[in-house]
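K.L.:
When you get a sec, could you build the whole thing from the sequences and use the hints?
This is what each chain is made of:
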Amino acid sequence: MAEVTISALVKVFPNGARAADGLDLTIRDGEFFALLGPSGCGKTTLLRMLAGLETPTGGTITLGGQDVTRLPPGKRDLAMVFQDYALYPHMTVTDNIAYPLKVRKVAKDERHAKAREAAGSLQLEELMERRPGQLSGGQQQRVALARALAYPTELFLFDEPLSNLDARLRLEARTFLKRLQTDLGVTTVYVTHDQSEALALADRMAVMDAGRFRQVGAPLEVYQRPSSRFVASFIGSVPMNLLPATVADGGLRVGSNRVPVPAHAREHVAAGDEVVVGARPEYAELLAEPADDALAGTVAVVELLGTEYLVTVEDGDLSVQATAPEDPGIGSRAWVRLGERHTLLYRADDGELVDAPRAASARDQMVAAG
Amino acid sequence: MTATARTGARAATPATAARPPVVGPLLARVGFYVFALVVGAFFALPVLWLLTAPFDADPTLSVAVPSLTLSNFAAMFSNPYVGSSLRNSILLSLGTMLLVVTAAALCAYALSRVRIPGRDLLLYILLLFSSVVSGTAAMVPLFQLINQFGLINTHTGVMLVLAGGLLPAGIFILKDFMDSIPPSYEEFARVAGASPLQTLRDVVVPVARPGLAVVAVWTIVNVWGDFLIPFILLRSPDKAPAAVVMFNFYTEGGQANLRLISAYSFLYSIPVVVMYLFVNRRYGFRFYGGIKR
Ligand SMILES: Nc1ncnc2c1ncn2[C@@H]1O[C@H](COP(=O)(O)OP(=O)(O)OP(=O)(O)O)[C@@H](O)[C@H]1O
Ligand SMILES: [Mg+2]
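Chains A and B, in that order, are what the protein sequence lines are.
Each residue of the first sequence is one higher than the last, beginning at 1 in our numbering.
Each residue of the second sequence is one higher than the last, beginning at 1 in our numbering.
FYI, nobody ran anything at the bench for these hints, they're computed from the structure.
Hints may be right or wrong, so weigh each one.
[Unchecked claim] Heads up, incomplete: computed chain B residues facing chain A, CB under 10 Å, no partners named: (1) SER184; (2) ASP202; (3) VAL207.
Since the model is a prediction, treat every value here as computed from it, not as a measurement.
Glycine is no exception: its CB is placed at the ideal position from the N, C-alpha and C atoms.
P.N.:
Okay, here's the thing in structure tokens:
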């Protein structure tokens, strides 16, 4: 029904800000697609172009095979949750949620029933007669969400719909959203700058930076194989270790240590290459005895994550994190084995993943830029 | 011994040190209150006169304890033009108010949402000219203009001229209001499929209602108190509004008829006071507190 395709989408604001810089993407019908990126990277702008609230400077958008680039928002049959909620201060919660149905000329009783139903699933029953001014930020956000869910559509556009909820409520709402979306099968574009939310919810996701997609793929793929240093540093609830290194005689020199070159990258690097070693603390192993493929250092910080500890090991300028089941004790000597299978190499100059000959990756970049 | 001496010294020091700063502000305070009282009395006198004179059997221009009577009101209502003049005032105010509120709301909305170069300059120029339009300087050309339209001695003519004079300021006030309505309100309505007119009716007007009320009341009060324009543009006395009719209250001897004037002024000021109380109660004159976010 509603496959979303954008091609060569460009948005340049009159002040010169490039919020979209040649975006190509296909979101499959019924897919839950997350847009992730730092503040100001153009997530909201892309969403607004999909909604028809912003006219692209160039490129096309199709919804369900129909070119909608110039179609007004009301004709696109979609529901949107705004980043600032946009609840009407003069209407009660019921009327707010029922407003889209009112526009669709649904009878009063029916639309109020629908509103109560949508509100019920977000624990808003008690608040139906209040006005938005009498609600907390999180309650307002849930009303905004309920308002988008209360009417049938082809496409959901969510702009950080859970950003203001407390941790527990956010987890609940996210599970609820995921289930609802699976049940309804409505194509969903979900903007967030919380990477764990994107990983948890999305069927596929895109990581954006400065108006471009840096990586598009399934969450697991993006998590395990970030295609660039930028993505690597952005994804993961504990930041990935990114250690500058030099390729030398079949291994990597990291500070005063030597670690093996990961098998998948071996044929793409040559001695003398400057690289960055990327390894997730979750995959790294903390050893109490020396090992020749591990980085040696002293335990500087120990943080409890819940079921395990996050241990920071320092050796001079070098600082590596690893998770460990037990507290090794601050000041003790420790060794960190990065876990070769999950270790990635990035080129020091352009930050791209080393997993293909350089020429190819350079050409990819040119295509992306053009 | 040393202890008591020290406390004594401590008690003495603040007393001597504090005297000048206490007396200074006190005098200033008293002076201020006296000044405020004098100014207040000066402005309260006309109001007091308005409250006592209508009920005084023999009103003068001074404020006095009245020998109570309602005969002034009886005399006033027997005057043939009193009823019609109040009706005319109401008609003119409401008519002008409708014109101003409708036109100003549409203009302000458009000006607030559409980006055109020189928009603010346009607004300031309009505002500047508005004082000219209904000002005394433009009376002759205005008279001629209305004459050309054949609208002399019609309420329509008066309403058009008054509305023209009030519109720029009305637009200015309302634009400020519309600017403070987040665009996402309308954007949500658009996404939901509402037409522009629906959006205006369901979202913009209700949200801007305090602003509209302010402009409405402000227009009514302005028209209610306006003398010059209806005086010049209206010929027949049965079309004249209250402000103009009052001007014609003379005794047979050519003296200002204070009995009539005081009673009439009393009646004339009631609607404005009532409106003020209403708006103050409803919106608390927090014009810009309409949208809290
Ligand atoms: N109306 C506008 N006029 C000019 N520049 C704009 C406009 N809207 C957005 N921008 C610019 O475009 C860029 C992308 O903005 P956008 O709102 O899409 O960011 P975002 O990814 O949603 O950020 P956030 O996570 O903070 O919401 C920013 O640099 C912003 O300054
Ligand atoms: Mg945003």
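K.L.:
Next step is simple, just say for each hint if it's right about the structure.
P.N.:
Against the structure, the hints come out as follows:
1. SER184: Status holds, d = 4 Å.
2. ASP202: holds (7 Å)
3. VAL207: Because about 6 Å separates B/VAL207 from the closest Cβ in chain A, which is inside the 10 Å limit, the hint holds.
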